[in-house]
Amino acid sequence: MRNIFLGLALAFAMALGHSAPAIPQTKQPSAPPAAPSSFDPHDLSGVWMQDRPRLGKVVERYWIYELTLEEPPMTAWGEAQYKGHKSSFGTHAYPIAETNDPIYHSCSPTGFPRAFFHAFPLQIVQTPGEVIMLFEWDSLRHQIFTDGRAHDTSLGPLWMGDSIGHWEGDTLVADTVNFNDKTWLDRIGHPHSEQLHVIEHIRRVDHEHLEDEITIDDPKAYTRPWTGRIVFALKPKWTLAEEFCEDIGSFQNIENQETTPAK
Amino acid sequence: MRRRPLGIVLAFAIVLSFSAAASAQTKQASAAPSTPSSFDPRDLSGVWMFDRPRPLTVVERFWMYELTQEEPPMTAWGEAQYKAAKSSFGTHSYPLAETNDSIYHSCTPPGYPRILLHPFPMQVIQGPNEVIMLFEYDSIRHQIFTDGRQHDTSLGPLWMGDAIGHWEGDTLVADTVNFNDKTWLDRVGHPHSDQLHVIERIRRINHDHLIDDITIDDPKAYTKPWTAHLDFLLRLKWTLAEQFCEDQGDFEGIEGDETKPAK
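Those sequence lines, one after another, are chains A and B.
Using the numbering used here, read the first sequence as starting at 991 and increasing by one per residue.
Using the numbering used here, read the second sequence as starting at 903 and increasing by one per residue.
Pulled from the structure, derived: some chain B residues nowhere near chain A, Cβ distances all over 12 Å:
1) 985
2) 999
3) 1001
4) 1006
5) 1070
6) 1121
In silico negatives: residues of chain B with every beta carbon more than 12 Å from chain A:
7) 944
8) 954
9) 970
10) 971
11) 975
12) 978
13) 986
14) 988
15) 1072
16) 1097
17) 1116
18) 1117
19) 1122
20) 1126
21) 1130
Computed footprint of chain B on chain A, listed as stretches where at least three residues anywhere in the stretch have a Cβ under 8 Å from a Cβ of chain B:
22) 1116-1126
23) 1142-1149
24) 1227-1236
These are calculated hints, taken from the structure and not from any lab test.
Model, not experiment: these values are computed from the prediction.
Beta carbons are placed, not taken as given, at the ideal position from N, Cα and C, and that holds for glycine.
One chain only, chain A, in its complex shape (with noise of 0.2 Å):
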C-alpha cells in the first residue's frame, strides 16, 4: 500500500468486513485475475491481506496483534519472559513512552511469525525451487526453499528463520527453524526463545482465500505447541508499496489509529 493512512485506513476497513469501496492502488489494474472459479491450489502468487474481524474493543487483544485468541501455555519461563515484555498492545499496555518492544526503538527486524501481525499486506511470489512471502512491512521475506533441501543446521540464528517446505496435496506445508532469540512471537510480547520452530499449513482453500495454520512449538517458553490460524484474503488490484519502519516517526499515530474502537 502506498502510504501509511492509506494502508490502515484500508487495513480497518476490510478489518471491519467492509466491502472496501475499491479504492485501486494502481492507476492500472494488473493482469485481469483468473476467473474466481478457476485457481490452481499450488500457486499462491499474489498480494493478500489478513482478513480477521475486528472486535468492538480492540483493548480486548487479538485483532492482528497475536495469534490465538487462546492465552498460549507458557512455562515458567515463558511468562517471566511475557512478563518483561512491555508492549504499547493488549490488555496489559504500556504507553508508547514506556514500550520495550525492539521495533519501536531500532526498527529491528520483526522476525516471524510476527511479521505477519503488522497491519500491511504481502505478496507471494513462487518459482520452481521457492515460495517467498514478501511483506510490505519493513520489506522483509519469508523464504521457504521447496527444492528438497534439508534445513542447514550451520546457519544461524536467524531473525527470519530458515524455512523449507514441501507440498502435501494441496497444502504446502513450511518447516522454519534456526531462530534467534532477539524478537517478540507477536506484537503484544509473547516470547520465543532459539528453540522456536513453526510449522505452517499454507492452503488456497478457494481463489479469493489463503489460510495459513501456525503450530508454534517451543518446549522452552511453552508447555505444549500450540495453534493458531490466520485467514488471508485476495487482493487482485493491490500491490506492495514502500513501507520502512523508519518513516513511521510517529508510533503515536499508529497506535492512536489502531485502538480507536472499531464502530
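Following the hints, position chain B against chain A.
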C-alpha cells in the same frame, strides 16, 4: 549466501575472478537451468552477483564502492554534501569511529542505487506486471512495475524510489523517481537530492550476464546527467540468505576484509 563470512569470501572469490570452485551454496540445485545457449532475453530471473574486477589497491576507490571511476560532475551543493559525507571507504576515507554513514550507525535502508554496491547477491523475480529485485543485503526490495502505470506523484519521498519500467526490444528501461534525500548515492558518499532521477537500461546480454547502464540525473547535486555501467553474473546454484544489517555488528571486520588489497 548463507553466512556473512562465507558471503564475503565468496564475494571476493568472484570479484577476484576465481572460478569460485562452486562452493555450492545449496545442497540441491534449484530447478534445472536451461542450457546456456538458450535463454529468453526478457527473462531476467535468477540470482545475480555484481561482477567487476577488483583493483590492486582498493583504496584507490571504485571497486564496489561507487558507480563509476570518473568523478561525477558535482554542483557546488553536491560538492558541499560530498565533503560532509564521512565515508569509511574511498580515497578520503575516515576511520569507522568517525564515519557518518548512517548504515553503520542505525542500519537505515541504503537506498537506491547504493544497494547495488553492497557485496551480496540479488535475485530477480519476474511477474507479468513487475520485475522485482530482491537484495540479499538487509532484505531490500526494488520493485519495477511494468504494467504501464505512471509514476505516482502522491508518493514519496521514498528510500528506494518509485520505479516503473517498459521493454524496448530486449532492454528493460526502468525509470525511478520520488526519492528522499536521506541516503548516499554510493558507499563513498556521493550525494543526491530528492530531485534524483535514475534511468536504467537493463539487458541480459547472454545466458550468464546481465548489464545495467545507469544514468544519474539530479540537477541539484550534479551539473549534468552522468552514466555508469554495472555487470552481473548469473549464479545458478546460489540462493539468497538472510543478511540483516543488524547482524553486522562487526563492521570493522568487513572493513578489514574489503580494504585488503587484492592479491
